[in-house]
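J.: In case you want the letters, here they are:
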Amino acid sequence: AQSVSQHNHHVILSEAASLELGCNYSYGGTVNLFWYVQYPGQHLQLLLKYFSGDPLVKGIKGFEAEFIKSKFSFNLRKPSVQWSDTAEYFCAVNGFSGGGADGLTFGKGTHLIIQP
Amino acid sequence: ETGVTQSPTHLIKTRGQQVTLRCSSQSGHNTVSWYQQALGQGPQFIFQYYREEENGRGNFPPRFSGLQFPNYSSELNVNALELDDSALYLCASSLAVGAGEQFFGPGTRLTVL
Numbered sequence: 018a019q020s021v022s023q024h025n026h027h028v029i030l031s032e033a034a035s036l037e038l039g040c041n042y043s044y045g046g047t048v049n050l051f052w053y054v055q056y057p058g059q060h061l062q063l064l065l066k067y068f069s070g071d072p073l074v075k076g077i078k079g080f081e082a083e084f085i086k087s088k089f090s091f092n093l094r095k096p097s098v099q100w101s102d103t104a105e106y107f108c109a110v111n112g113f114s115g116g117g118a119d120g121l122t123f124g125k126g127t128h129l130i131i132q133p
Numbered sequence: 010e011t012g013v014t015q016s017p018t019h020l021i022k023t024r025g026q027q028v029t030l031r032c033s034s035q036s037g038h039n040t041v042s043w044y045q046q047a048l049g050q051g052p053q054f055i056f057q058y059y060r061e062e063e064n065g066r067g068n069f070p071p072r073f074s075g076l077q078f079p080n081y082s083s084e085l086n087v088n089a090l091e092l093d094d095s096a097l098y099l100c101a102s103s104l105a106v107g108a109g110e111q112f113f114g115p116g117t118r119l120t121v122l
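In order, the protein sequences belong to chains A and B.
The opening position of the first sequence corresponds to residue 18 in this note's numbering, with each subsequent residue numbered one higher.
The opening position of the second sequence corresponds to residue 10 in this note's numbering, with each subsequent residue numbered one higher.
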């Protein structure tokens, strides 16, 4: 079975601060990795994804994430956050079990508040 | 391009009742997945449908069932509602079965009293 652990449940930062949200997953095989964001009152949107290739992936709105296979990690980063980045952030993994769809497994989420 | 839509937006039921939630996939998507998101938690995978057949299932009891129609729209049915079924139910569609990107709808907020 696959699982995802997000290290921080609540993060408060000031505008222009740097952001790093931790995500570790547990799965024995090949995985696809995702970060989704849920802005207040809106539905889940994809920030970025990793399927294969360059382990440093860039997403929308200046976000990036690095896949470190040896650490089973996929941390999300942004060099300078804005007030509009206030949202709930979810790390998710989807493994290839070969026995039908396993669906996305999500972490519990990180509630990010950016103070102006 | 029309995104994933869900209906209704909100629903209130009492314990023991049955409920049906509906989802229309994003244009061109043939795979639909359903998730349950309890308050303060990440979404949990219920099941996935592809070509009108259940293609995979998470750790949910049989009273959670679904349908997918030829136009790729989908229903989630929950029988014998329990208080713990109160949650946001999310539908997600994708281009193909497997482990690719999923596009989420706004969800249906179900409250069981």
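Note that these hints are calculated values from the structure, not bench results.
Bear in mind the structure is a predicted one, so any value in this text is a computation, not a measurement.
We treat Cβ as the ideally placed atom computed from N, Cα and C, and that holds for glycine.
You may find that some hints are simply not true.
[What the hints assert, rightly or not] Computed spacing ranges between beta-carbons, pair by pair:
id, chain 1, residue 1, chain 2, residue 2, range
1, B, Q27, A, D71, 40 to 50 Å
2, A, K125, B, G37, 45 to 55 Å
3, B, G49, A, A18, 18 to 28 Å
4, B, L48, A, G39, 34 to 44 Å
[To be verified] Interface residues of chain A toward chain B, partial, derived using beta-carbon atoms under 8 Å:
id, residue
5, H60
6, L61
7, S69
8, K75
9, T103
10, A104
11, F107
12, K125
13, G126
14, I131
J.: Take the hints in turn and mark each one as holding or not.
T.: Right, here's what the structure says about each hint:
1. Checked against the hint of 40 to 50 Å, the C-beta distance between Q27 (chain B) and D71 (chain A) comes to roughly 48 Å, which is consistent with it.
2. Distance hint for K125 (chain A) and G37 (chain B): a CB-CB separation of about 32 Å, inconsistent with the stated range 45 to 55 Å.
3. Distance hint check: the CB atoms of G49 (chain B) and A18 (chain A) are about 22 Å apart, consistent with the given range 18 to 28 Å.
4. At roughly 23 Å, the beta-carbon separation of L48 (chain B) and G39 (chain A) lies outside the given 34 to 44 Å, and the hint is violated.
5. Annotation: H60 (chain A) was flagged as interfacial toward chain B, and the flag holds, the nearest CB pair being 4 Å apart, inside 8 Å.
6. Annotation: interface hint on L61 (chain A) holds; nearest CB of chain B at approximately 4 Å, less than 8 Å.
7. Because the beta carbon of S69 (chain A) sits about 11 Å from the nearest beta carbon in chain B, more than 8 Å, this interface hint is broken.
8. Interface restraint check: K75 (chain A) against chain B, minimum CB-CB distance 15 Å, threshold 8 Å, status violated.
9. The restraint placing T103 (chain A) at the interface with chain B is violated, with a minimum CB-CB distance near 17 Å, outside the 8 Å limit.
10. For A104 (chain A), the interface hint is violated, since its Cβ never comes within 8 Å of a Cβ in chain B; the closest pair sits about 14 Å apart.
11. Interface restraint check for F107 (chain A): the shortest CB-CB distance to chain B comes to about 5 Å, inside 8 Å, so the restraint holds.
12. With a least beta-carbon distance of about 5 Å to chain B, the hint placing K125 (chain A) at the interface is held under the 8 Å criterion.
13. Interface hint at G126 (chain A): satisfied, since its Cβ lies 5 Å from the closest Cβ of chain B, which is below the 8 Å cut-off.
14. Because the closest C-beta pair between I131 (chain A) and chain B is about 20 Å apart, greater than 8 Å, the hint is violated.
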